[in-house]
Amino acid sequence: MSEVRNPMVVSFAVWKAIFLREALDRLFDMRAAWFWLLAEPVLHIGFLVFIFTVLRMRTVGNADVAVWIIVGMLAFFLFRRTAVQVTYAVDSNQPLFTYRQVKPFDPALARAVLEAFLMAIISTIILSVAALLSHDTWPHDPLLVLSAVFGLWLFGVGYGLVASVLMALVPEMEHILKILMLPLYLISGVIMPLVVIPQPYLDLLMLNPIAHGLELVRAGFFPYYHTVQGLSMEYLYAWAIVSLFLGLMLYRRFALQLVMK
Amino acid sequence: MIVIKDVHKRYRTDHGPGKWVLQGVNLTIPSNVNVGLIGSNGAGKSTLLRIIGGIDHPNKGQVERRCRLSWPMGQGGLEPSLTGRQNAKFVCRVHGHQDDLTDRLAFIQDFSGLKAAFEEPVNTYSSGMRSRLQFAMSLAFDFDIYISDEVTAAGDAAFRDKAAAAFKSMANRAGLIMVAHSDSTLRQFCEAGILLYQGKAQWFDDIEEAFKAYKDTIKK
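First to last, the sequence lines map onto chains A and B. Under the working numbering, the first residue of the first sequence is numbered 2, with each subsequent residue one higher. Under the working numbering, the first residue of the second sequence is numbered 5, with each subsequent residue one higher.
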């Protein structure tokens with residue numbers, strides 16, 4: 002009998018294996034799957050930039066409208082893709098739980114990290130192309146951008162963990178969560194500047210942590226950007242950390258119900 | 005050696021908890037014996053294998069695995085959209101064989117006899133090909149005990165002989181726990197038997213006696 006592997010070594014081996022498997026699936030599952038990963042945000046951004054610049058305006062709150070849309074859209078996509086990928090992490094890897102080394106949390110983690118990687122590459126490509134088209138896409142406060150983006154990613158992971166447990170326990174939740182995701186695009190200030198919203202409603206919209214995240218990322222890009230009142234990094238991280246811990250607790254408690262059907 | 009202590013298992017159904025599948029199973033399975041699980045449909049054979057394999061958990065009781073144990077070869081364990089090679093790579097990595105990946109992959113491709121199909125997605129495989137891949141994958145690692153749920157039985161006769169020969173050749177270093185629907189497969193592979201009946205398990209040193217006891221339970 003050879004020596005027993007250290008649990009940490011086993012975990013790392015599993016994470017690496019699932020990460021590579023997920024990357025294969027995400028990039029080469031369909032014909033040119035990698036192309037659509039890039040094309041989806043590019044088409045959204047291209048369409049909106051066209052509508053805004055041709056029909057309406059050139060600046061939003063002192064910022065170049067094209068970069069304003071790019072940044073907001075990419076940050077939103079990071080959150081949404083991470084959240085959706087983590088939500089279905091266990092479902093999509095069902096056959097792999099035959100190997101007892103693989104725990105339900107492992108594919109969730111691998112998917113979250115993979116999504117961060119992919120979005121980093123996609124964001125770099127899109128921002129570089131915009132820079133070549135003579136938009137100023139260099140953030141004036143990169144640290145603020147990074148911490149806001151990390152907060153959004155973390156919240157995406159937390160949301161995905163909680164959502165997948167809720168869906169395993171109450172199957173109807175899948176419909177409710179999908180309905181919730183739809184207006185998120187509109188109320189998070191991806192395409193509509195939140196500054197123009199009048200007061201009693203603005204406070205309601207700012208209960209949404211994603212709106213905070215997007216505005217913070219933009220504030221990090223533009224030096225003289227007029228942000229919404231009451232913007233708070235702490236609020237975003239409070240949601241991120243609470244959802245993450247709640248998700249981890251639920252995973253621990255309901256690990257078996259997630260894997261068993 | 006695997007020690008199973010007072011294992012109880014029942015599944016949740018749409019109308020509350022189901023009936024007990026396993027009700028107080030106590031067994032000690034030594035490492036170098038090939039043992040067949042015998043019981044009627046729904047007696048809990050696959051359930052017990054899953055619990056031994058650590059991918060399902062008992063409601064009560066515990067399983068101690070004092071050896072290196074394979075995963076339960078059977079349904080599942082293969083990601084349909086990936087090719088045979090990609091699946092094999094995944095399993096090698098999970099089992100900590102990143103360094104000698106090429107050797108193990110060569111062994112798996114050779115033993116499974118899949119040839120060019122090794123590069124095709126698993127969802128294009130027949131059930132026999134799937135079993136051969138699973139079986140070859142598990143033989144690529146040095147386990148002390150292998151768990152097989154219908155896998156060895158699913159291949160064609162030639163492959164079954166090859167598999168049986170592989171197990172005979174390492175009879176002194178590794179054991180096998182298997183479920184199979186055909187008596188002849190069980191006789192071909194196993195010397196000892198475990199009879200599952202009404203949620204309890206009974207050990208027989210000779211598989212023929214286990215069959216005899218099984219016939220008696222049917223008559224009742």
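Keep in mind that the hints were calculated from the coordinates and are not lab data. No experiment lies behind these values; they were computed from the predicted model shown. Careful: at least some of the hints might be erroneous.
[Stated by the list, open to error] Which bits of chain B does chain A cover? Going by a derived footprint, with three or more residues having C-beta under 8 Å, they are: (1) 21-29; (2) 80-94.
[Said to hold, decoys possible] Below, simulated BS3-like cross-link-like pairs (lysine-lysine); rule was C-alpha separation at most 27 Å, straight line: (3) B:K172 - B:K119; (4) B:K119 - A:K104; (5) B:K64 - B:K23; (6) A:K104 - B:K172; (7) B:K172 - B:K23.
Note that beta-carbon positions come from the ideal geometry of N, C-alpha and C, so glycine has one too.
Checklist entry - Of the numbered hints stated previously, which ones are contradicted by the structure, given in increasing order? => result Those not satisfied are hints 1, 4, 6 and 7.
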